[in-house]
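Participant: Now for the letters of each chain:
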Amino acid sequence: MKNKKTKAILTSNQMIIVYIMIVLSILIGTKNSAFFDFSTVITLCRVALVTLIFALAEMLVIVSGGIDVSFPAIACLTLYLPVFLETKIWKIDNVVLIFVLAVVFGLAIGAFNAWMISIMGIPPLIATLGTSSIINGALMATTSGKEISNLPASMDALYSSYFFTYTAPSGMTYSLSVLFIVPVIFIILTALLLRKTMLGRGIFAIGGDRNAAKVAGFNVRKIQFFVFMAVGAMTGIAGVCSCILARTAHPTNLMGSEMMVIAAVVVGGTRITGGHGTVIGTVLGVFLIALIENNLIMMGVPTYWQSFVVGLVIVLGTSITSLRAKKIAQSAKV
Amino acid sequence: MEKIKNSIKNMDNSIKTLWLLVIIVLVIMLILDAANFFTFQNLRSMVFQFPEFGIMAFGMMICMISGGIDLSLVGIANLAGIICVEVVLNLNGSIGFVPSAVLGYAAALAVGALCGLFNGFMIGYLKIPAMLVTLCGLELYKGLGEAITTGPALTGLPDAYKLLGNGDFFSIPFVIIPFLIVVIAVSFIMRSTVYGQQVYFMGTNNEAARYSGINCFKTTEITYMISGILGGVCGIIITSHFNSAKSDYGTSYTLLTLLIVVLGGLNPDGGKGKVSGVLLAIILLQLISNAFSILQLDSSLKQLVYGALLIGSLLVNIMRERVALKRETRLAAAKE
Chain L
-11 MKNKKTKAIL
-1 TSNQMIIVYI
9 MIVLSILIGT
19 KNSAFFDFST
29 VITLCRVALV
39 TLIFALAEML
49 VIVSGGIDVS
59 FPAIACLTLY
69 LPVFLETKIW
79 KIDNVVLIFV
89 LAVVFGLAIG
99 AFNAWMISIM
109 GIPPLIATLG
119 TSSIINGALM
129 ATTSGKEISN
139 LPASMDALYS
149 SYFFTYTAPS
159 GMTYSLSVLF
169 IVPVIFIILT
179 ALLLRKTMLG
189 RGIFAIGGDR
199 NAAKVAGFNV
209 RKIQFFVFMA
219 VGAMTGIAGV
229 CSCILARTAH
239 PTNLMGSEMM
249 VIAAVVVGGT
259 RITGGHGTVI
269 GTVLGVFLIA
279 LIENNLIMMG
289 VPTYWQSFVV
299 GLVIVLGTSI
309 TSLRAKKIAQ
319 SAKV
Chain R
672 MEKIKNSIKN
682 MDNSIKTLWL
692 LVIIVLVIML
702 ILDAANFFTF
712 QNLRSMVFQF
722 PEFGIMAFGM
732 MICMISGGID
742 LSLVGIANLA
752 GIICVEVVLN
762 LNGSIGFVPS
772 AVLGYAAALA
782 VGALCGLFNG
792 FMIGYLKIPA
802 MLVTLCGLEL
812 YKGLGEAITT
822 GPALTGLPDA
832 YKLLGNGDFF
842 SIPFVIIPFL
852 IVVIAVSFIM
862 RSTVYGQQVY
872 FMGTNNEAAR
882 YSGINCFKTT
892 EITYMISGIL
902 GGVCGIIITS
912 HFNSAKSDYG
922 TSYTLLTLLI
932 VVLGGLNPDG
942 GKGKVSGVLL
952 AIILLQLISN
962 AFSILQLDSS
972 LKQLVYGALL
982 IGSLLVNIMR
992 ERVALKRETR
1002 LAAAKE
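Residue numbers (our numbering), protein chains in the order written: chain L, -11 to 322; chain R, 672 to 1007.
Hints in this document: simulated from the structure, not taken from any laboratory. Some hints could be false.
[Claimed, not checked] Reference listing, derived: stretches of chain R covered by chain L, where coverage requires no fewer than 3 residues with Cβ under 8 angstroms from a Cβ of chain L: (1) 800 to 807; (2) 977 to 991.
[What the hints assert, rightly or not] Subject to a maximum C-alpha distance of 20 angstroms in a straight line, what follows is the list of computed SDA-like cross-link-like pairs (lysine to any residue): (3) R:K798 <-> L:L113; (4) R:K943 <-> L:P111; (5) L:K314 <-> R:L797; (6) L:K314 <-> R:V769; (7) L:K76 <-> L:S137; (8) R:K833 <-> R:V769; (9) R:K798 <-> L:I316; (10) R:K943 <-> L:I316.
[Said to hold, decoys possible] Going by beta-carbon spacing under 10 angstroms, a handful of chain L positions derived as facing chain R: (11) I55; (12) A96; (13) S106; (14) L113; (15) G125; (16) T130; (17) V297.
Built from N, CA and C at the ideal position, the CB exists for glycine as well.
Produce the entire structure from the sequences given, and follow the hints as far as they go.
Facilitator: Structure, rendered in structure tokens:
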């Protein structure tokens, strides 16, 4: 009995990602011994910070049986507009207000998405693609692609506050931003939501079978509204974080990141058809993709091969999860 | 006269909306800048532009009717274009331009077909949702193209290569010819072949289609292969238009083709849609795009308008369906 359980854990999706990461690390390490250093961990955390928040939000949507490709656009809007309002119009300097505004804008756009999808019945991909191009078009047309580079001082202060600073043997210093607390909080909150609350059960239920969930007494519309608005709020915060880390408010910098995030979520074992997914898997998926993206050069892969390699990893990852799902579905019938 | 009245009455709702939108755009342009818009020169410049994304839209159309979607078309087009240009660049010197161009075109179509077959295999055999497969495919094909070109655009093509995209014969652009061939071929396939009927059936109800003896895997493979080949054709035209090849040309076409097919009256869930609707939608979007450039508006505004049109047209369709449903139930109640 106990043996079976360990076997199940050792062959689970999460463990497979861990194995791949270990093999990759050894490969990178043999090419470049500087890889086996604490600084790598800090770099990875810094790279994955914003992606983690995006991925957790996207996981919620995918588990609920939908998809959201508008989150990069939402993030662009929620990082640009509050900064613009504070620096150009109100002339005030308050980082908390920026976060609050970002969340409010995010919630509003999320509610609009939810209205189209849940009440009007437009397919999620097309609805969010539409939102995305409306927001992006509006941002580009009004800003003509110009960034705001002198951020409020309170945002810069947040940029230069660290948990700790590590000095590598080579003399380089690596610092972990305090903002890393944000994804950590979201990881804990999402895990609690999905595991311990009725709402979380409902998200799984409508992703698995919407009609069955309805019959079982879940308010499908309410849950869908919650999910898409949560995505809006989370991406709002992620947008501001990325703005602080980049030290500039750029209206289109984050566009095009949706593919990587969806890939990380799916590679992490979340089924794209909904109803299955874990927080740990998603986190591991994000770190796996960050590891690959960040270290391809160290492994001697030329830069122009990078998109292909990342694409290949995504295709393999999704095929493996889908094949496993297919196998489970077939074995259940016997 | 009676006949025309009847044909208008029997027209599809979505096609009615499209005609209305076309007329609105024409009227707006008539008011704002008739002198530049209603000229032969402008018509000619429009004909040079729309075959690129128009052909792509037909690939998207077939996939969407079958109940799937093909977001990888732009990736396929660029990859096929790059292969085509590579072949021409390498063989031009030794065997002359025309044979090398023919070989290049054939290679591009083959690449498109292969990419499509790969998509179809993942969707039909491994049962991974089409949206995910083709989204991954986009990344994969784009990456492959980038790896082949090592980043910058491939240039140095002979001048004759750009004739297809930029040349004309008595001011009729050559590029309209492949477009017309595609329109005729696609409408023939969808209307008059067993395969076409199977695609509609599969899109309406995949399960029922399978039980009625349709080989869904084979139909899916053919669907995505056709879409891939159309992507290849589009790739040839794009490279000819720019007289170079790169892995990120035409990135805005994904949204554009999706918008075209939805405006053209396709149901995103599959099973519904006509070539005539898509054709009209292509013309409408070309008119809008042209109006933007003639009025010298910011091109990013175009994206905003496209997004709003996409959502707006879907909302209108859904509202109309709901009203029709209500009326039917009311009628049924009255009968009783």
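Participant: Tell me, which hint numbers fail for this structure?
Facilitator: Failing hints, ascending: 6, 10, 12, 13.
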